[in-house]
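*Asks:* Take a look at the letters that make up each chain.
Protein chains: 2
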Amino acid sequence: MFVNIQIKLTEVAASVETMLKKYFEGTTGELAEAMQYSLLGGGKRIRAFLTVSFAEMFGGTVEQAMPFACALEMIHAYSLIHDDLPAMDNDDMRRGKPSCHKQYGEATALLAGDSLLTMAFDVCASNTYVSDRSVRLAVKSLAMLAGHLGMCGGQEIDLAESVASYEELKHLHALKTGALIKAACLLGLYAATDDPEANTVSAISKYAEALGLAFQIHDDILDVTSDSETLGKPVGSDAKNDKKTALSYMSLDEAVVEEDAVTRRAVEAISEFPDSDVPAQLAVWLMSRKN
Amino acid sequence: MFVNIQIKLTEVAASVETMLKKYFEGTTGELAEAMQYSLLGGGKRIRAFLTVSFAEMFGGTVEQAMPFACALEMIHAYSLIHDDLPAMDNDDMRRGKPSCHKQYGEATALLAGDSLLTMAFDVCASNTYVSDRSVRLAVKSLAMLAGHLGMCGGQEIDLAESVASYEELKHLHALKTGALIKAACLLGLYAATDDPEANTVSAISKYAEALGLAFQIHDDILDVTSDSETLGKPVGSDAKNDKKTALSYMSLDEAVVEEDAVTRRAVEAISEFPDSDVPAQLAVWLMSRKN
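For the protein sequence lines, the chains are B and D, in the order given. When we follow this note's numbering, the leftmost residue of the first sequence carries the number 11, and every step to the right adds one. When we follow this note's numbering, the leftmost residue of the second sequence carries the number 11, and every step to the right adds one.
Hints should not be assumed to be uniformly reliable.
Same chains, same label: a pair holds when it works inside one copy or across any pair of copies.
[Said to hold, decoys possible] Computed cross-link-like contacts, SDA-like style, restricted to lysine to any residue with a CA-CA straight-line distance of at most 20 Å:
1) Lys150 x Asp204
2) Lys54 x Ser136
3) Lys107 x Asp252
4) Lys254 x Glu178
5) Lys300 x Pro244
6) Lys150 x Gly36
7) Lys150 x Met29
8) Lys150 x Thr187
9) Lys253 x Ile167
Treat the hints as calculated values from the structure; they're not laboratory data. From a predicted model like this one, the values you see are computed outputs, not experimental measurements.
So here's chain B without its partners, still in its complex pose (with noise of 0.2 Å):
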């Protein structure tokens, strides 16, 4: 089945900052502010678009998938905003407009990322369309992956700027960014059942490391082949900050077929699957996307 992915994506981009806007209606102050002005308004939010594909092709319905796909997105703007903050990149700009803390300062920043990563087990335990046993299912795949094992270790290996080979390159996005791509896929999957079998997560697993990794080199090749204008962010920035990238490794050329063997690995991964063709069309589409 074919699926025009671009318009399905602003579905759902569009249907997740409906959900979000909902769960701040009545609240109040700064703080609040803040956690909106870097969650709202933003993103291609693919992670959202990964956890309910997952869920519709295991039979699972929007409405279960949303609250699991809010989280994502919540606990991807939480750690972009501790990522612009001083003591880390120390970006002052995101996604065209100042950064959290360049607009609210530093200590409410702070704040508003850690609340955001609080909402989002919050909103995940609040999921009334899946099961108790779903819930926890999902809390535990969040945590594992966004924690110190995951996403917060692959900060660490970042800042420690000990990375000396491609090998040790995808073990660091395979943290800092896989890991919670990997959540995205397999919380899409609870909100479907909350009895998965262990080689569906496996498949799911292992689809979500390839798809991460793939778009980790498209970034890469795309901060030395595009302009400015179309990335809406500096081109050059890798090299100029002297970052590891793909192409440290290997030339252009390589990286192009390296993210297309890598982005073969994601379909196959889940080829198994008779309704894979979303998510099999998505790691397709990242390759062709300009920024």
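We have chain B already, so just place chain D on it with the hints.
*Replies:* This is chain D only, laid out in the frame that chain B set:
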């Protein structure tokens, strides 16, 4: 029934310490080290004690309560790490040793806080001694009370330094410290039952709110009546930092009377329950603590 609270506190603290250490078995690296640096070996573990006590009060076991108790201590530890950061209170020392960022740098301290907060939910969801429904209730309460409508919200009010009355000060502390104390008590209940009566939740909440307030008043009193050696930190720091305390709005004598009245309210709130000895006696014992 008379209970020696001090002995029981010491026992629970020892069990919590053992269990917290177990969660880190097999982990390596500076991030996990920084997490343990701030989590282990300190504090009275009053939150964990409340969780265990309320679980036992409603027929639950220590095994059922312990993962939730550890989660509470992880959230408490994360909040102290982030509070101490230069962007917040900028404290160089904590419990007689360098604060986390002084020991490991700001970036790692930030990530250690994030990771402990995240790990708390992993530990809750991994509690195999309770039902899936108990996990859902626990995660929901903990996230709600620790987030922007609870503890983080209290932090934001504290930062704004806008407290203009004793009522506003009480509201600040109800969020900043009271919310997590309430979570500690409620998670004890949820460890024992996954179908609590609304009246029970309400009574425990009243106890927790009063206990949190009494605890804060006692801290305010100690800051002017104790000596640095007994207290383990400099006395008079509230006045020095121009911090609003109960004593900004009443005399020392009045504060002692207020603490006593609030403590009675805590005890009264749970007096209908036959097995409320331990939490009741804890409230009374806390009035006599020297640090």
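*Asks:* Against this structure, judge whether each hint is valid.
*Replies:* Okay, the hints, checked on the actual structure:
1. Lys150 x Asp204: both (13 Å within a copy, 19 Å between copies)
2. Lys54 x Ser136: neither (25 Å within a copy, 32 Å between copies)
3. Lys107 x Asp252: neither (24 Å within a copy, 36 Å between copies)
4. Lys254 x Glu178: within (10 Å within a copy, 51 Å between copies)
5. Lys300 x Pro244: Only inside one copy: Lys300 and Pro244 sit 14 Å apart there, 57 Å across copies, limit 20 Å.
6. Lys150 x Gly36: between (29 Å within a copy, 19 Å between copies)
7. Lys150 x Met29: Result: close only across copies, 18 Å inter versus 23 Å intra.
8. Lys150 x Thr187: Within. Shortest intra-copy distance 18 Å satisfies the 20 Å Cα cut-off; inter-copy 26 Å does not.
9. Lys253 x Ile167: within (13 Å within a copy, 39 Å between copies)
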